[in-house]
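Kindly produce the complete structure, drawing on both the sequences and the hints.
2 protein chains.
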Amino acid sequence: MASTSPLPSVAYLGPRSSYSHQAALECFDPAKYTFEPRAAIADVFTAVQAGAVAYGVVPFENSTNGNVVFTLDLFCDRTRSFRDTFVCGETYLDVHHCLLSSAASLSSVARIYSHPQAFGQCENWLSANARGVERIDVSSTSKAAQIVAGDAGAAAIASRVAADVHGLRVLAGNIEDSADNTTRFFVLVAQPALRAPVSKGHGETDKTLLSFTVDHEIPGALCDSLKVFKDFGLNLTSIASRPSRLLPWNYVFFVEFVGHSDAQHVQAALDELKKYCLNLRILGSYRDEQRRRGQGYRDSERRVAGNGKAS
Amino acid sequence: MASTSPLPSVAYLGPRSSYSHQAALECFDPAKYTFEPRAAIADVFTAVQAGAVAYGVVPFENSTNGNVVFTLDLFCDRTRSFRDTFVCGETYLDVHHCLLSSAASLSSVARIYSHPQAFGQCENWLSANARGVERIDVSSTSKAAQIVAGDAGAAAIASRVAADVHGLRVLAGNIEDSADNTTRFFVLVAQPALRAPVSKGHGETDKTLLSFTVDHEIPGALCDSLKVFKDFGLNLTSIASRPSRLLPWNYVFFVEFVGHSDAQHVQAALDELKKYCLNLRILGSYRDEQRRRGQGYRDSERRVAGNGKAS
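For the record, the sequence lines run as chains A and B. Going by UniProt numbering, 260 is the number at position 260 of the first sequence; the sequence numbering is gapless. Going by UniProt numbering, 116 is the number at position 116 of the second sequence; the sequence numbering is gapless.
No wet-lab data here; the hints were simulated from the structure. Just so we're clear, the structure is a prediction, and the values are computed from it rather than from any experiment. Using N, Cα and C, we set each Cβ at its ideal position, and we do this for glycine too. One or more hints might be untrue.
Computed cross-link-like contacts, DSS-like style, restricted to lysine-lysine with a CA-CA straight-line distance of at most 27 Å [stated by the list, open to error]: (1) B:Lys274 - A:Lys230; (2) B:Lys275 - A:Lys227; (3) A:Lys274 - A:Lys227; (4) A:Lys230 - B:Lys227; (5) B:Lys275 - A:Lys230; (6) A:Lys275 - A:Lys227; (7) A:Lys275 - A:Lys230; (8) A:Lys275 - B:Lys230; (9) B:Lys274 - B:Lys230; (10) B:Lys227 - B:Lys275; (11) B:Lys230 - A:Lys230; (12) A:Lys227 - B:Lys230; (13) B:Lys227 - A:Lys274; (14) B:Lys275 - B:Lys230; (15) B:Lys230 - A:Lys274; (16) B:Lys227 - A:Lys275; (17) A:Lys227 - B:Lys227; (18) B:Lys274 - A:Lys227; (19) B:Lys143 - A:Lys143.
Incomplete in silico selection of chain A near chain B, CB under 8 Å [to be verified]: (20) Ile41; (21) Arg169; (22) Val170; (23) Gly220; (24) Pro248; (25) Tyr276.
Structure (structure tokens):
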């Protein structure tokens, strides 16, 4: 590890006080890890791949606004830069957006800064309360808060934590369209051997993320691929696609299902799957934290590596 | 129609000189239609639904950067605002991005403005030639060109047409990552009866776009749905998904396949499909322009409605 700290480090999509930072703090015990912001999701992948950090935390999907395409594109790994980077954990963070400003009221606000995803998640509130106010996209909600700290005619959509960090007023709280606005983050690691071992007898479930392409000249190739999961009793939890960029209108598919890649029936399914798809890659197996959410996991031991074990 | 012009009008995602404007000019004869820019994709849908224009032109998908999620979200129609708005045509536009500036060389450029999709499509060139230069997201490439026209320290990623309109230098041409960088646009119409009739005996093919949800409590429901297309011999040409926003991690799926919704075998397939999916909606059938691209369609008669007929 290149870090000079005696503690292993965790890279996250920064800046400080970002939702990724909060997700990293959910997963790793601050007494045992140091945390390093990175300016872009690609920089987190690069730090993990190079061994400059022990883990990385990146956003993957939001319950209101869908997949984070930048993360999907990095998993596509079209330049083969991240061949040793795998997913070893996931975490879910409830996202509550606020309108922050140094102005005393919304009537003084002429511009709103935020990340495009955050604008997308607050569309209803903005349509009702800020119609005609200019919107300016910036790279993160925390960056937006930083910008408006010096601009009394502007507001930011960001977290309550960002208001504290940048000394801003909360003009409106919980302005997200859906009360169930949750972002899912992945924990990245560079060594597949570090992936969590198969949980046995704990009543817990694992999930596995795959990427693959299909021969688009063969009609029904995607259907044949998905049918394998059904035939082997593997329930799909997520499906997404991105352009392969090798051929126009040719796609990389991402499929997540319940099961660990080490389990015998999963390995049998993957062997079958290889008959129907190309470039199959196992991106990682990890504990299903979504099912645990109703079980008070926040109070349980820190996950992924907080107790010094891989699971 | 609310338009005061004697000619029927076509709304497109503006401003003038945008790629949507170029796509609209590809589809409709300027001698027979007037063209109206709209500030947002939602505004194009609204104009079509309200009958304020005869047609709308919106971007749907880019071959390098994937689906335009704003358009998908409007097709989801979660607020039931666009129940009479359908797709009646498609067109493909080759997209060549340029770096435009009033500066004489790249070395004077401290900021680059563009749409997030355009940044995504020029990632390789930017990494090699403009590392460390600040990137500022704006709502369109043409807006970016407009902004930098008055800022000698800035550049825009936009079209060559935008350079002419705003009097900018082309510092670098064709900077997109993929030589096959193509954007697909949909033509919207408010009356499903206006959709193109089934082509018979012309050797042409039609495509149909559907949206549906599946009961996420039923394992394999998506697989069962996709299998129907295979069983009825309908080849899928596109699949996409967006969060339903009704329940977290519940999705609206978009499937496009070869065939017209009026054709007998397609209607049989749709009847079968209804057994496996919820909220099935036919978003339109239209002539497959992708297959026609190699056949010199640019020189052929204007499509969709340019010759006064629906096809």
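Which of the listed hints are not met by the structure? Numbers 20, 21, 22 and 25 - these are the hints that the structure violates, sorted from lowest upward.
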